[in-house]
Amino acid sequence: MQLIFLGIVIFSSYQVLSDPLYINNPLITALEWPYIKGPFPYDVQSPTDIDTSRAIPIYMKRITIHLLWNMPDEAVVIENTGYYLEVHLSEHVKKRPYVEGGPLMEDRFLFEQMHFHWGPTDGCGSENHVDGVCLSCEVHVVLFNEKYGSYEDAKYYPDGLAVIAFFGRASDEDNPNFNDLVEKISEIIQPETETTGSFHEEFKFLEILFDQETFFSIPGSLTTEPYLETVSWIFYFHPFNISHRQIAAFRKLHSKDGEHLITQNDRPLQPFGQRPLITPLLNPEPYVNSVLSNPITKYKIVLNPDYTPNLISLRMTDYRPRRQLTVFIIHGFLASIESKWMVEMARAYLTRSDANIFLVGWGNGAGGLNYLQAVANVRVVQDIVAKFIQGLIEKTTLLPLQVHCLGHSLGAHVCGVAGKKIPGIYRCTGMDPASPGFEGHAKEVQLSAKDCWFVDVLHTNGEPIFPTFGLGYMTPIGDVDFFFNGGTRQPQCIVPTLPENINQTNFLTLPIDKAIEHTECVTWGHKQNPVGVALDVVTEGTTQRLTPPAECNLDDCSPVGLETFLFPARGSFYVVTNLKKPYCRE
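Heads up: the sequence shown runs through residues -18 to -1, 1 to 568, numbered per mature numbering (1 follows the signal peptide of the UniProt record, and there is no 0).
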């Protein structure tokens, strides 16, 4: 049994999706945690102390609340639960207020209840702390994801619940927005008693509290048993004022036993741990400029047991399904998610397109000198990546025609299988697709034409594995195949099997680099028919199988890079490069 870690990283600020997976030839089993523990490989229990200096700004829509002011009279029930004061809707109310935007993305979260937390003194009563500071009180608005139908059902799903927290600060003057609620406390002094109220009176303060641009969000848990880690917490830190008299009224409520007053109703603080903390990016600069200037940040997210994306962790990122493209970059043999070329390629891609970019890493399965074991391992990665993409399509309204998959070496065949399993994927790009174990074998397990709407392939290492250590495909397999400098060993590449070779000459990013370097250099491939002869072992396979033509037109030429699919020419193309930057040669 070999341990393999699958990591998926997403840009623009990027996060690592890492879940330990075990290969047991050929079955794979995910490490699972009890459901009460939640989907995270680290604790995300609530409440906690939020260190705002750790917040990562990302682009998010503003959070909006829809309060539905046309509620009937006595639509609200105010209850002493014996633990806190709770406000919820009466049974005859059919339509619920709802919240959307921010880390909740495109989902609509419906109102379940609102409750209050306070302490024995006005100096400290909030459950959560902010930068080490405890505030006078805290209001929680509890919501559930509309797609699960009810709170009871939603709380067992990773993206089922949200809690929006507001903090109160004690002052001398009454807050008129709380007067009606405070007056009704005298009617529910005993535990498990309730009274009714007006929706307008009890909820009007929420509209004011939501009118803030800045908020913070973390994954967390319920603060009561069974402490399910299925909550997206959202904090508005600008405190509202509430008088000492009004807070004191809450302490008159009796607890469950009916003998003691509820003077404190908070759970002890839990460690913040490794969880991400995000905040909206205010007044973002134009997309390209912000991408080029902002540092890359990692967020950890996890896979569900069925290898679909965990939506709570996905919400802690800048992923947006309505972006122009969602891109997957997948490494191959002897590489990992830390390979420099993957990050460089993602950065270059983002200079040209508004895209979500996932980097897929399986370094523990691709490393080592046992190539045949890596071939066996990639079969598992193919299945996982296909399920992950399918999960994005089903859960986030992503369209297959928005997906571009780029794979190097064995990673190219991951793209191919994903395209076979998910009809309609826009584009698959193979960068030196691995030949040993694939070329001449069944197309079901490898990249081939028609796997995606458009398949383009870059050949730089198409030599026999013995004696020249070539690992790349030697024959055309896509709609467009580019053979660089003959498609065999590249100039100044001493060890042709290293995955960095394809990045050293920037074959995919040549037309992208011009945007960064402000040049007009474009790399063109010239259409040629491959010479149908085997490589000469004596010359170590350096004989060129393609020769460059003298002239170029739209029927016979195609640019290398993101624009390839826009040009009509299809077939095999010879590409000549320079020995150093700029590699493109007109």
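Careful, some of the hints might be misleading.
[What the hints assert, rightly or not] Okay, derived cross-link-like pairs now, SDA-like style, lysine to any residue, Cα gap no bigger than 25 Å in a straight line: (1) K77 / T103; (2) K425 / F254; (3) K425 / I404; (4) K238 / K403; (5) K129 / Q256; (6) K76 / S132; (7) K166 / A231; (8) K186 / P208; (9) K77 / T63; (10) K509 / P550; (11) K129 / T290; (12) K403 / L351; (13) K425 / Y353; (14) K234 / F187; (15) K322 / G345.
[What the hints assert, rightly or not] Estimated spans, in silico, between C-beta atoms of each pair: (16) D31 / Y65: 21 to 31 Å; (17) D154 / P250: 49 to 59 Å; (18) P54 / E174: 21 to 31 Å; (19) N535 / P405: 14 to 24 Å; (20) T333 / Q355: 31 to 41 Å; (21) E174 / G131: 47 to 57 Å; (22) T333 / E128: 34 to 44 Å; (23) C106 / T177: 27 to 37 Å; (24) D537 / N560: 21 to 31 Å.
The set of hints was computed from the structure by calculation and includes no laboratory data.
Virtual Cβ for every residue (Gly too), placed ideally from N, Cα, C.
Query raised in the report: Is K166 close enough to A231, meaning Cα to Cα at most 25 Å?
Result: holds, 10 Å
Query raised in the report: Would you say the C-beta atoms of D154 and P250 sit inside 49 to 59 Å of each other?
Result: About 31 Å separates the Cβ atoms of D154 and P250, which means 49 to 59 Å is violated.
Query raised in the report: Taking only the CA atoms, is the gap from K403 to L351 under or equal to 25 Å?
Result: violated, 30 Å
Query - 25 Å limit on alpha-carbon distance, applied to hinted pair K322 and G345 - result: holds, 13 Å
Requested in this report: Look at the Cβ atoms of D31 and Y65 and judge whether their distance stays inside 21 to 31 Å.
Outcome: With Cβ atoms ~22 Å apart, the hint holds.
Report task. Could you see if the CB distance from T333 to Q355 stays within 31 to 41 Å? Result -> The hint (31 to 41 Å, Cβ to Cβ) holds, given that T333 and Q355 are roughly 37 Å apart.
**Report entry** Pairwise hint evaluation, I404 against K425, where the allowed Cα distance is 25 Å at most
**Finding:** The given pair, whose Cα atoms are some 15 Å apart, holds under the 25 Å limit.
Query raised in the report: When you check the alpha-carbon spacing of K129 and Q256, does it fall within 25 Å?
Result: violated, 29 Å
Requested in this report: Assess, step by step, whether the Cα of K425 is no farther than 25 Å from the Cα of F254, and give holds or violated.
Outcome: violated, 48 Å
Query raised in the report: Holds or violated: K238 with K403, Cα cutoff 25 Å?
Result: Given pair K238, K403 is violated - Cα atoms ~56 Å apart, limit 25 Å.
Query raised in the report: Would the pair K77 and T103 pass a check requiring their Cα atoms to be no farther apart than 25 Å?
Result: violated, 38 Å
Query raised in the report: Is the Cα-Cα distance between K186 and P208 25 Å or less?
Result: violated, 32 Å
In this structure, the earlier hints numbered 1, 2, 4, 5, 8, 12, 17, 19, 21 are contradicted, and the remaining ones agree with it.
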